[in-house]
Every structure is written in C-alpha cells, then in structure tokens.
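S.K.: All chains should be built: construct the whole structure from the sequences, respecting the hints.
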Amino acid sequence: MKGMTIIVKKVTEIICGVIFLYGIYIIVHGHLTPGGGFAGGTIIAGSFILLVLAFGSEFLALKKEETGSSILESSAILIFIVIAALGMLMGGVGIFFVNFLPKGTIGQLISAGVIPLFNIAVGMEVAAALLTIFLALLIYRDEVLK
Amino acid sequence: MELLLIVILVLMIGGAIFSLEARDLLSAVIAYGIVGFGLVICFLLLQAPDLALVQIVVETITLIIMIAVILNSTREEKEHGKGKRSVVFVIFAFVFIGLFLYFFNRTTSTLSVFGEHMMRMSKAYIQPGAEGTGSANLVTGVIFDYRGYDTLGEATILFTAVIGVLTVLRLRGRKEQGK
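Chains A and B supply the protein sequences, listed in that same order.
Counted from 1, the first sequence has number 76 at position 77 by numbering that gives the first Met the number 0; the numbering is strictly sequential.
Counted from 1, the second sequence has number 83 at position 84 by numbering that gives the first Met the number 0; the numbering is strictly sequential.
Think of the hints as simulated: they come from the structure by calculation, not from any bench.
All figures in this text were calculated on a predicted structure; none of them were measured in a lab.
All C-beta atoms, glycine included, are put in the ideal place defined by N, C-alpha and C.
One or more of the hints may lead you astray.
[What the hints assert, rightly or not] Quick look at which bits of chain A chain B covers, simulated, 3 or more residues with Cβ under 8 Å: (1) 10-21; (2) 122-131.
[Claimed, not checked] Chain A is faced by these chain B residues, among others (derived, beta-carbon under 10 Å): (3) Tyr31; (4) Ala47; (5) Gly133; (6) Ile142; (7) Gly147.
[Stated by the list, open to error] Non-contacting residues of chain B with respect to chain A, defined by C-beta distances greater than 10 Å in every case (computed): (8) Leu4; (9) Ile40; (10) Thr59; (11) Ile90; (12) Ala92; (13) Val94; (14) Leu110; (15) Ala123; (16) Pro127; (17) Thr139.
M.R.: Set out below in structure tokens:
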C-alpha cells in the first residue's frame, strides 16, 4: 500500500501521539470515567492503523510489527488469567477473580484493587488483536499482489 | 427525545436496507456505517456513555478495515438470475416466521409483566456496588468484578478470532520462512 500526500503525513505526525496518549488515558481511568480496556485498546490500535494508512506499508517493518503485536496479544491474555489466578491464591477465599488488593479511596486514580490491572490487560489484548488482524490483511495483500 | 430516537432508528433501518440492495460494495459499506454511527447517537441519547465510546471506536476501525479490503477487490456485484427456487425460499421464510411467532408467544407468556423486571440480582449490584468493588465507575466494577468470567470469555473470543485470521491469511508467509 502506498502512502498518502504530504498534508496527511504531517497531520498524522502531529496527531498520532495524542491519539495514543488518549487511549492510555481511557484505559487507566477506566474505573473512574466511562471507557475502559475495550474502548481504550481500540483507540490505541487506531493510532497505529492511522500511521500505516498515512505512511504506507513500506515505511514500517510490517512483519516485525506483526510478530510483536501477536506476542503482545498472547501475553496480555496470559496476564489476565494470571491476575485472576492470583486472586485464587492470595484472596484467602480460594475463588477466581477475587479482588485481593486493598480497595483505597473511591474516586482516586489508584483505587479499586485489581480492577485497573484487569483494565490494562484487556486494553493490551484488544489493541494488539485489532492491530494484528489489520496487519495480517495488509501483509496478505502485499504478498498476493507480488 | 423519543421522537428523535424514532427518526434515527428509521434512518438506521433505511441504511441497512440500502446496504443490502446496493450494487456497489463500497456504497454498501458506507451505508452500513450509517447503522453503526446512528447506534452511537442512540446510546448517547439513552445516557450510556460507556457503550457509545466502545461503539464509536470499534465502528470506525471496522469501517476502515472493510474499506481497505474492498478497495482492492471486485466491487461490482455479479448477476444471478431468479430461479423457481425463490418461490420455495419465500414459502420457507413465511413458515419460519410463523413458527417463530408461535414459540415467542408461548415463551413470553410465562415471563413477568412488561416493565416490571426481576430486580433481585440488580439490587445486589447497585446498593453495595461502589463500596464492594472500590470502583467509582460502576460499569467497570460490574464488568471486572461481578462479571469477571464474562470479560474473560470476551477476551478469549478476541484471541481466538486473531488466531483464526492468522491461520487463514499467513499460511504462505510461514511456509516461505521455513524454506
């Protein structure tokens, strides 16, 4: 896929990092404001997709990127299950998904125990999954057109 | 507000029907976007910001992916004539609509009256929700604490979908790396 014009590239340079940071904000504040892992992860994947669409598939090393996102996706779901299993070991009651960390004050950023950690794991999972699907489609097309 | 909702819903139905009937695949996908973004406005009017946020970003990403796929495929629909079998299909459709209505009527007759929900489960979430989970956003508290297994299932579905896409699409690349 070829890149787009200089206008699109310049705007992408300016706006891409802001979109990425906004996705991280949505994920980290998931237990305080609307949003969370699913929405924030999709926004992060969107910032990468914007980069690939604007600069073309030659600019980024797509195959390396795809391997990385595939590994990240697999490890994110592993982290999710490990946190859930830690609740079983450390919660004291022996149930999956027990909130074993201290709850803290409601409304502060560091509160709600393991819920922010679950949010971060799901955000990584969603971002890496959507990016992997997009990159797989793109690489497939480049290989077929060759 | 209900009038506005009805207008948006009619617009969404029109977009869905147009995307079924459109000759060009690109215009079909764009008409399908009307459905998704109309749903976002519906969620916002119904005061569900969590769902609206998820819907608007997922809709945008899927629309981008579908357009990127369609721009490099055959966009024109191929002609296929109507045979005698279409009469059979219509008859089967009406038979199944009748069966569906019959069983729908039978199952809903045992439910509680419309508008009076069973609140036993919901009360257990609402009243001690914030103290129990420590999460100010009650939706996230329910998703990751009370309904943790649901979220695990959703994440697993996404994981499986990615594995399926990679298996179908990246077969050739892996083979060439092995040589």
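S.K.: Return the numbers of the hints above that this structure violates; sort them in rising order.
M.R.: 1, 3, 10 and 17
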